[in-house]
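Protein chains in written order, with the working numbering: chain H, 7 to 491; chain C, 18 to 117; chain B, 56 to 222; chain X, 25 to 568; chain Y, 3 to 671.
Just so you know, the hints here were simulated from the structure itself, not pulled from any lab data. Keep in mind that the hints are not guaranteed to be accurate.
[Unchecked claim] List of simulated lysine to aspartate or glutamate pairs, EDC-like, C-alpha gap at most 16 Å: (1) H:LYS414 / H:ASP281; (2) Y:LYS167 / X:ASP465; (3) Y:LYS671 / H:ASP281; (4) B:LYS220 / H:GLU159; (5) Y:LYS617 / X:ASP325; (6) B:LYS219 / H:GLU159.
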Amino acid sequence: MDMITIPAVNMTPIMPEIFLSVLAMALLLINVFVPSGQKSYIGYISFIGVIAAAVLVGTGWGMHVESFNGAVVQDNFASFFKMIFLLAAGLAILISDQYMVREECNHGELYPLILFTVVGMMLMAAGTDLMTIFLGLEVMSVSLYVLAGFNRENRKSNEAGLKYFLLGAFSTGFLLYGMALTYGATGSTRIADIATFAAQQSLPSSNVMLLAGMLLMITGFAFKVAAAPFHMWTPDVYEGAPTPMTAFMSAGPKAAGFAAALRILLVSFSTMQADWSQLFWVLAVLTMTVGNITALRQDNIKRMLAYSSIAHAGYCLVGFTAGNPTGTAGIMFYMLSYTFMNIGAFAIIVLVGKKGEPNGNVMDFAGFGFKHPALAVAMSIFLFSLAGMPPTAGFIGKFYLFSGAIQKGYIWLAVIGVLNSAASVYYYLRVMVYMYMKEPTEEFDWLQVSAPIALSLLISVTGTLVLGVVPSIVLQYAQEAIKLI
Amino acid sequence: MENLNSYLTVSAILFSIGTIGVLTRKNAIVIFMCIELMLNAVNLTFIALSRYLGNLDGQVFVFFVMTVAAAEAAVGLALMIAFYNNKESIDVEDVNMLKW
Amino acid sequence: METLFFAIITLVAIVSAILVISCKNPINSALALVMTFFCLATYYVMLDAPFMAAIQVMVYAGAIMVLIVFTIMLLNIRVDATKKHSHKILLGSIIGFFTLINTVYILMKSHAAAPTGPFTGDMIKQIGHTELIGQEMFTKFLLPFEITSILLLVAIVGAVILAKKKL
Amino acid sequence: MSNLLSLTTFLPILGVLMLLFIPKDSKSVLRSVTFVVTVVTFIASLPVLIGFQNNADFQFVENVPWIAAGPFAMRYNIGIDGISLWLVILTTFIMPIAVLSTWTAVEEKVKEYMICLLLLETGMLGAFISLDLFLFYIFWEVMLIPMYFIIGIWGGKNKIYAAIKFFVYTMAGSVLMLVALIFLYFKGTAAGMTDFSLLHFYDLRLDPATQTWLFLAFAFSFAIKVPMFPLHTWLPDAHTEAPTAGSVILAAILLKMGTYGYVRFAMPLFPDAAHRFTPLIATLAVIGIIYAALVAMVQEDVKKLVAYSSVAHLGFVMLGLFAFNEQGITGGMLQMLNHGVSTGALFLIVGFIYERRHTRLITDFGGLSKQMPIFATIFMIVTLSSIGLPGTNGFVGEFMVLLGAFESEIRWYTVIATSGVILSAVYMLWMFQRVMFGELDNPKNQKLLDLNAREIGIMLPLIALIFIMGVYPNPFIEKMQPAINKLIAQTKTSSVTAQLPVDQVLPAGHPVVAPAPEQNPAAEQQNVPAEEATPAVINPHDAK
Amino acid sequence: MFDNVWLIPLFPLLGFLINGLLGKKIKNETVIGGIGAFAVLCSFAVSCMTILKLLSLPGEERLANVKVFTWMTCGNFNADIAFLIDPLSCVMIMIVTGVGFLIHIYSIGYMHGEEGFYRFFAYLNLFMFSMLLLVLGNNLLLMFVGWEGVGLCSYLLIGYYFHKKSAGDAGKKAFVMNRVGDFGFLLGAFTLYWFMGHNFNVWTIQFTELGKNAHLLPTGGVVTVITLCFFLGATGKSAQIPLYTWLPDAMEGPTPVSALIHAATMVTAGVYMIGRMNFLFIRSPETLMVIAVIGACTALFAATIGTAQNDIKRVLAYSTVSQLGYMFLAMGSGAFAAGIFHLMTHAFFKACLFLGSGAVIHSMHHALHHVHSHDDAQDMRNMGGLKSKMPLTFLTFLLATIAIAGIPGFSGFFSKDEILWQAFANPHHGQLNYLLWGMGAVAAGLTAFYMFRLVFMTFFGECRITPKAKDHLHESPMVIVIPLIVLAGLSVVGGYIGIPKLLGDLFGGIPNYFEHYLEPVFRLSEEYMAEHAAHGVAHHSVALEWGLMGTSVVIALIGIGIAFALYVVNTSIPAKFTATFPALHRAVYNKWYIDELYDYVFVNPCKALGRFLWKGFDVVVVDGVVNGVAKVVMSFGGIIRYMQSGFVYDYSWSMAFGVVVILGYYLFK
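Excised from the complex, chain H in its bound form (with noise of 0.2 Å):
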């Protein structure tokens, strides 16, 4: 019997992951020993360290590395989400502060949980084997459930850990059957194995228990990033989620989800392109639709955005269902742009909450406009961006999404999709009525604007604008990332 011999492994590959769990360890230890008063240090320390993670993945660009047997690559895919993800943590990092300081539940736990899932969510964009995406997965949802249970005192966000675990932990036992399944029929969890056994198939969508291990994974990526009707714990979860964490989950975890998604999609069954195409088609006009109808309705900002993010995960299914580089590329282009104008767009709502009650009320925006000029216009900004105004990134990336599907031929979807993004502004105007077109009902006091959170709004309208009048700098890495897979 000889003994197990680990092999000698690249650890390229997974550098950044490996910072960002060291730091989030060390920030545990540092953790004990910060008073309570000073956490926010902790959450400038991740935020540098977010910074020099961006930094490592930037500088891994364009190479392409395997390692560890295949269980994980190092490409731009990978760098270019996993950019989204710093983007959407730091930025996270950022509002963190002030609110949960006003919420009295400023835990230094947080950041290390914030950078766990962020390498969570790194795992599952690099990784190339069903299983590394899995734990990825699972990493990253696990730090949620805690994320968005994160103030215990509040029930509100109680109950949306809760849900979020219960619905999560449900749509995880789809997906795993899925991946079983896979398995099953392909003998590997390898995503680029899967490939080759599909590719060899004469008609790959005649293997039943392929093409229901296909399935029932994009159920459970479809959980993952909200799409219809697997989208219902998203309005109560985002709603009771800590404001902060809400605006890091409608963004990164989402992007991940199309991260690993399109991995598996793209690579392994991508000679099934025709079935999976037609079951987005679906997904995406539901999505979409409800999403965008039902946030119609909303009074409540953080439910009506939370709304809005499913009409955002239906949007880019629209993307997915054409599977081209085109609208593949405007995922990866949409979900930087939703990174900016959400994050900021609920950075704003952080600062308009008020204590004991965090979430804002559409009414509550009333008058704000004139009372806080500066706020409004980046709230409009974002407000106008999510709702695919140029010139901003919404609109850049909307509009790739949707040459993708007209490029594929899908020009129902598209048609719908803009339809969609029209009924959409609605709800977004209706917002900026409030700030611009309403008189107060109540004086407003005077918005507490910490220098964390000054900064990433400024990042947030900087990124919005500048991605919306030049895209090209970040389409063309895009376009370039999406290749390469």
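Knowing the structure of chain H, use the given hints to seat chains C, B, X and Y on it.
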């Protein structure tokens, strides 16, 4: 060894029973147990397939699933406790402050 | 003989699974679940995976179920007290039934990939299941294995944050 | 100066930057700065007018790469021809007037208001000068935002409803255009095009079925903006609620976006479909003319009446455009300018009395002529211009439109449309009579002041234009003539080919880039096989 | 040759600009009136020079197009600002500037002290400008400019007393009815332009060019359509059935306006237009018949209404409508020269009548004002016995009345008789001619009747206002009287330039100068007529002509006699008559309820339709659909929202449902 399909069928039955449990029970802990049942059904599928394929990947997967189940159990139960602390109940009928 | 054994185990597994979802008292459900887990462990043994069976018993039936039972006790929950929503049960059952039909149909219709792996029952018996698993886990699946450490860490931290009396 | 157009377009943005640094309480400074900026923009646009050569080419072209990713390449490609020239000038001309018009009416949130106006100007100018379809779409959408705020923040009672209606209505139309735009682009790339340049798309020959769909999408979007019956209902609301400057800009320029869209995009890009849908468009235009006139007749609110009159006027424009001949299109273009001037002026006038009386109900007025003779005179002139009295601008446009339409296939529509001249006289004069004539019996009206110097100053340029364009419209016509002829050629050549069996001209499903029509008209007559008729994409500007 | 012809319209335009822009500052009435009158005088002078120059040319060369500048060109369409000088336009400018000048002079006196004096003169000058454009314009479009321009001035001047609601209404009515006519004019112009261009490649709107190419046109068919459209324009402008109702209402304007615009010049524009485009009308016998019939009907119909009116100006207004009917009867009979001739004589005597009535009203108003009476100064029932108070006015008025009544020797006789004869003898309408003649003759009798009724009620008998007021009645100032005298003189002698051939022969072969003078304009048409006459040129005996002439004179005399009997001899008869036939009287007095009919048939339905379209269609249907879609979407939002029940099992149910459906679809499809 029984043929593969027998095992798979059993796992499918267990999976479905778990699903029904999730859909019908009101107690969060019981729901969680039903989910565990579903996961176990999947585990059975994995191991049966693994054995059939002569490929141990599936079993390793089961190993990880168990880890995940443990992790989820820890966090999930902690969430339930936290919820219970505030609401004195873990009945999902009571978990509906957030709606519409 | 083996078939008979399989049938009995299957019967027990399914009956206890049904008990899991039908017992009013969560403790009873939990015990029924433990029963199911044991059945599954038995299956694993039958499938030449003794190591998995051992883990099943220790981790699942042991650790996880203890945790659950402990929580049930801690929260002092006895009976599923709220009134039954029969339509919910009906709808749930219908969906579950269709899930069953679907999955069984899948299994009927499908055929797994041809057995390609090197691990035959004899080989497993010869080398030892545990060693083979270890071999796999520390070579081919080293990364996932490492990830589980993070996962568990997260779970611990999370559980502490959520459930500790005073932070 | 090669980047004159960019300068003109983005000067208002510079103005916005300046405004940002002015404290919001110094209202008169804010107003003055804005006014100066708009005037400077107008002055900056004059060299464009003077330097414009009377030919069909796009001039003052700027063309630099902008976005290039994936299958797309967008360029910052701008330029003007005779068609857009006047609309650009109209825009820069109207803006100072608009700024002046709400000098005293807008007392609150002046800074934001002025910023909105300037942003709007950039948006509008940008849309008129874009030669890149994508760029056009961007500006087209961007315009909505400031206008939305102008209506919604500084509007009247029902402003929110009006603002949202305006926005969502327009948005619903334009997103369909977006889909069509993308689809068109892919059709273009299939034929070897590499960017969104409009000039390339002109040479693209699409099969009629594709044209139909694309045309419908474009036309729908533009029809909302025009607005054509029955998509007009946002307009009365928007106009009624908007502040004076908003109404003026909306009427004078924004509505022209729709008609301009037809001239610039929908008609030349999809000539076959445009011809095919001429009966539909003409029907809607005619219904619009009659319908809006009838509805305007019974309005109780002056502003709403004027708003409905806009619908009728733009019906004439549409009728002219879809005559597809020189007189019709020239008339349509002139009518666009005329409508800009006279309806803009009408809204200003309504603004004047509203500012004084804070009501717009016709019944609240009566006999104002006695109290406000100057106002009466100006109002009269503008009214007459609006009903198209000869000697005023309205007549020239309307006459050309009707003449052109009468010469074309839509003759019978024209007959009905011509009766619109009766109705326009009815509703305008009736309104004028009720407001200005009769006993001055309302005590509130007896102390009204006549127009002040600022107000007269606002109106004078408009009045002057009313007469200049009415008496000597030739300079206007001459500048737009070559471009219009080119447009007609673009729409005509294709319809000639459309009459040929499609499979001879085009292999099924393979749109090809045909030689530029004016260069090789003979080739088309001889049904050149598609492969031969595919020279590289023609880009006259690359050649320069 | 006629290079300075553009000065003719220019002077009034300058006058308009000066008075319009500076009038308020000038304030001095003499200066304002002087500027206005002088501008017209200048035009008149240039017109005289022009016509003299024209007369110095041989007949065939009496035609000139004077281009000022290109107005608009677009493709094959070209419109110039250019003037056409030919005998027809010359006679028109003479009438317009001549009569116009007199009325300007008159107005200085009449409008004395009125508020907005400058405004009045500005409008008047603007009117002169427009009218001159109308008659001088060498193309359809320029004519249309004048055509609409005079309509505008008419509107402005009718609404001069804008504070009176009736004035505003009348102005609007005039404008709108004119617009209905303009609609026809435009359509006619479009059709003509398109038809000539499309079929014969003659893309032009210039009269001379059109005339040259008229031979290309077919007879009837499209030409009928075109000419009917144009005629619709003429009915609007010249107050013919069915668009005549605005003219009586237009009497709300100051009296000089009625004289100038609504009697002498503007309302005859329709006649002029038909004369100008005779080459077209002659090619459509159907249209000619329509014109003739409508002319005759209008002549008769308006005359009946005229008999029952009590407002002095309204009587004259209906008389104008009726006389215009004569002119159209002439045009419709192909007797263009006769129509134009009557146009001219009518301008003289009707202007005189209106100005005379203005003088009466002025005086009455003055008197009533002095005693603070609110009696209507225009109601003839308040007048009577004025001949002693205002002898000069009476005399001139009487001369003009005789002229209009068609008493031999006066101008009206010559022109009217010519028309009646042509109506009888023209080759176009066959048997219809007799009817036309009959209607014309009856109308002539009625004309004589109501005109003398007017004279008798106004100038004869006892004065019916309070004696106190009576003392304040006196003759008008010279500035008012002189124009009356001049016009009365013209009414008497104006007819002698166009003596009918029959009479001319009688008096030693005096030629019909007027007809001869206009011959270059109508020659081609007459030749065409000779060739194509539908019923052949009938040759009637001289005796018949004499007989008809005599008959018409007798009818007129009977009319006068009846008037004398009823209003001088036994003034109680009219009242008895009214009492006997109350319905008839009411109908006639109320103008046969035509206004009401129009209200019911056109105006009210239009308003109701508008209101329905607005409140019913626009708000309910169109907006309803739009808002309805929004509402439906919103309510869907509400429904879906409530599916989000907050219960975990519902959510998991939805997920499981999704899984089942997806799997089921793919597996069992």
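Now the hints, each set against the structure:
{"no.": "1", "hint": "H:LYS414 / H:ASP281", "verdict": "holds, 14 Å"}
{"no.": "2", "hint": "Y:LYS167 / X:ASP465", "verdict": "holds, 12 Å"}
{"no.": "3", "hint": "Y:LYS671 / H:ASP281", "verdict": "holds, 12 Å"}
{"no.": "4", "hint": "B:LYS220 / H:GLU159", "verdict": "holds, 11 Å"}
{"no.": "5", "hint": "Y:LYS617 / X:ASP325", "verdict": "holds, 14 Å"}
{"no.": "6", "hint": "B:LYS219 / H:GLU159", "verdict": "holds, 12 Å"}
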